[in-house]
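Colleague: Construct the complete structure from the given sequences, taking the supplied hints into account.
Protein chains: 2
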Amino acid sequence: MKSALSLALFSAALVLPAIAADPLPSWNEGATKQAILGFVEKVTSEGADFVPPAERIAVFDNDGTLWAEQPLYFQAFYLFDRVKALAPQHPEWASEEPFASVLKGDYKSALAGGEHGLLAMAAATHAGLTSEEFSASVNEWLATAKHPFTGKAYTDMVYQPMLELLAHLRANGFKTFIVSGGGIDFMRPWIGRVYGIPPEQVVGSSLKAAYEVREGKPVIVKRPELDFIDDKAGKPVGIHQHIGRRPIFAAGNSDGDFEMLEWTTSGEGPRLGILIHHTDAEREFAYDRESHVGKLARGLDEAPQRGWSLIDMKSDWKTIFRP
Amino acid sequence: MKSALSLALFSAALVLPAIAADPLPSWNEGATKQAILGFVEKVTSEGADFVPPAERIAVFDNDGTLWAEQPLYFQAFYLFDRVKALAPQHPEWASEEPFASVLKGDYKSALAGGEHGLLAMAAATHAGLTSEEFSASVNEWLATAKHPFTGKAYTDMVYQPMLELLAHLRANGFKTFIVSGGGIDFMRPWIGRVYGIPPEQVVGSSLKAAYEVREGKPVIVKRPELDFIDDKAGKPVGIHQHIGRRPIFAAGNSDGDFEMLEWTTSGEGPRLGILIHHTDAEREFAYDRESHVGKLARGLDEAPQRGWSLIDMKSDWKTIFRP
Numbered sequence: 001m002k003s004a005l006s007l008a009l010f011s012a013a014l015v016l017p018a019i020a021a022d023p024l025p026s027w028n029e030g031a032t033k034q035a036i037l038g039f040v041e042k043v044t045s046e047g048a049d050f051v052p053p054a055e056r057i058a059v060f061d062n063d064g065t066l067w068a069e070q071p072l073y074f075q076a077f078y079l080f081d082r083v084k085a086l087a088p089q090h091p092e093w094a095s096e097e098p099f100a101s102v103l104k105g106d107y108k109s110a111l112a113g114g115e116h117g118l119l120a121m122a123a124a125t126h127a128g129l130t131s132e133e134f135s136a137s138v139n140e141w142l143a144t145a146k147h148p149f150t151g152k153a154y155t156d157m158v159y160q161p162m163l164e165l166l167a168h169l170r171a172n173g174f175k176t177f178i179v180s181g182g183g184i185d186f187m188r189p190w191i192g193r194v195y196g197i198p199p200e201q202v203v204g205s206s207l208k209a210a211y212e213v214r215e216g217k218p219v220i221v222k223r224p225e226l227d228f229i230d231d232k233a234g235k236p237v238g239i240h241q242h243i244g245r246r247p248i249f250a251a252g253n254s255d256g257d258f259e260m261l262e263w264t265t266s267g268e269g270p271r272l273g274i275l276i277h278h279t280d281a282e283r284e285f286a287y288d289r290e291s292h293v294g295k296l297a298r299g300l301d302e303a304p305q306r307g308w309s310l311i312d313m314k315s316d317w318k319t320i321f322r323p
Numbered sequence: 001m002k003s004a005l006s007l008a009l010f011s012a013a014l015v016l017p018a019i020a021a022d023p024l025p026s027w028n029e030g031a032t033k034q035a036i037l038g039f040v041e042k043v044t045s046e047g048a049d050f051v052p053p054a055e056r057i058a059v060f061d062n063d064g065t066l067w068a069e070q071p072l073y074f075q076a077f078y079l080f081d082r083v084k085a086l087a088p089q090h091p092e093w094a095s096e097e098p099f100a101s102v103l104k105g106d107y108k109s110a111l112a113g114g115e116h117g118l119l120a121m122a123a124a125t126h127a128g129l130t131s132e133e134f135s136a137s138v139n140e141w142l143a144t145a146k147h148p149f150t151g152k153a154y155t156d157m158v159y160q161p162m163l164e165l166l167a168h169l170r171a172n173g174f175k176t177f178i179v180s181g182g183g184i185d186f187m188r189p190w191i192g193r194v195y196g197i198p199p200e201q202v203v204g205s206s207l208k209a210a211y212e213v214r215e216g217k218p219v220i221v222k223r224p225e226l227d228f229i230d231d232k233a234g235k236p237v238g239i240h241q242h243i244g245r246r247p248i249f250a251a252g253n254s255d256g257d258f259e260m261l262e263w264t265t266s267g268e269g270p271r272l273g274i275l276i277h278h279t280d281a282e283r284e285f286a287y288d289r290e291s292h293v294g295k296l297a298r299g300l301d302e303a304p305q306r307g308w309s310l311i312d313m314k315s316d317w318k319t320i321f322r323p
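One line per chain: the protein sequences are U and G, in this order.
Residue numbering for the first sequence follows the working numbering, starting at 1 and increasing by one per position.
Residue numbering for the second sequence follows the working numbering, starting at 1 and increasing by one per position.
Same chains, same label: a pair holds when it works inside one copy or across any pair of copies.
Listed next, the in silico EDC-like pairs over lysine to aspartate or glutamate satisfying Cα-Cα at most 16 Å (straight line):
{"no.": "1", "residue 1": "Lys314", "residue 2": "Glu282"}
{"no.": "2", "residue 1": "Lys175", "residue 2": "Glu200"}
{"no.": "3", "residue 1": "Lys208", "residue 2": "Asp227"}
{"no.": "4", "residue 1": "Lys104", "residue 2": "Glu92"}
{"no.": "5", "residue 1": "Lys232", "residue 2": "Glu212"}
{"no.": "6", "residue 1": "Lys217", "residue 2": "Glu268"}
{"no.": "7", "residue 1": "Lys42", "residue 2": "Glu268"}
{"no.": "8", "residue 1": "Lys42", "residue 2": "Glu55"}
{"no.": "9", "residue 1": "Lys175", "residue 2": "Glu164"}
To be clear, the hints were calculated from the coordinates, so they are not data collected in a lab.
Modeller: Pasting the structure below:
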């Protein structure tokens, strides 16, 4: 008895400092938390697995990984609101899809065209805006718009455990990037204050842009033409074009992130890929294989054999949204 | 007398520490050096002109600004060498321009097609290469190739005064980026060791790329299709797409940099644009209005009224190339 008690006290003493300084307090103890902490410990410690700080590149998907994405991508709500605001200047939209469905409030039909329909809306509502006008429009919208189910501001629907993970990686010399299918210019106005990520560390989808001098004042203007879609196999390409080296850590939540995790974790040396599985219908949303947004099927099937950590939101996270 | 002497000694005492720690030792004293030092001092000191570190974005052209560009862009020499190396596999090049001229050693005719001809050579020689193969090819070439006039390695033809300027800006919290008309993937393999700039801080011209899994191994492969030309009005666009905010400092040397300087210096608050004027035929090259490479005409005409600093290489720089 006595020696068992001593051992228990001894173990507690060893473990206590780690608990006191837990960098991921919103994560329950378990395999995924240990995988993350162990990986960071490994690449920052002297030894065969040490990675120089310059090569500690970590990439994060945004929708469904850093903030919520149900019942629709939040950027889709922004687009719908832009369509409604601009409708008086576009009488033709009353009979033209996807605009007509948006104006009738039929979001399901509005999204029937998928990516193509969203792009049409982005092109129609953003073209001609300067970068500064667009940025102001996003910030104004975020300041007042509320999520239709939770009533929260959209930027309050970011995941507290992921904010802790971003901070922990940066505290250990990682450079953190967002690599999202969402619009790069839609994210830049707010990711600094919300995630602590500067505008130059974002890869996203984009429209083409042009440089013009308008009445003596130089501006960058959005053009109604697709530049790049940063999704699926586009993610490693976007990473290559923007970052120019292969990350050693990648976090995602859907099959749109599959290639990004594959590219990241197939490099040499220590690598970590994590996939967030949305399992918590009570505190957030529960969806995977059949979801029209953030579908996760191949990732679920292949995560074990590829050594990716599956995060079970319901059991792994103490808190979901930031307070 | 006595008070004048005291004043002189007093002034010397005030000035000495600054001289002792001169961050730009290869720059002669003069208006351009003072403009640079004064700008850095201003934006880093408390007061109305203070700029927070996160917004201290400095952009540098590469060809003719950080390293030499005569008699041809160094990347053109690389392309010619690739064309020659691959010619045995392409018998059709013997009668097809611009390849035929390259193979005959007639570089002038090879370049008659301008950008279009260079792109054709890049597409024909790079397509299908993985990002790692391309990077290795650039590094191998740089390790052995010599400049036809100076006999130096190309990476020894970087400007010592500009290396000091890069270091001085970084020591003062600036993030330094390259924004070049040259190929982004051509620069990334060596700019870290030569300029101290990481691969994610480069904007350049690019071919499209694709993600593939080849025999189980994921790769990024170059495609024979233009993605982006980062020159002239393309530079502010490239800055917007990659960096997402307007720089406060820009350095260039040709009219290809005009819009980048215009965009940079027309923002609010303190801004500095500098243009390097190649005036030293003895130590480097002398060229401007009539040059087929690095033409500088509009910049020379408008620099004074726009408040841009013109660097006279011959009189402003003590040393040209890094030792």
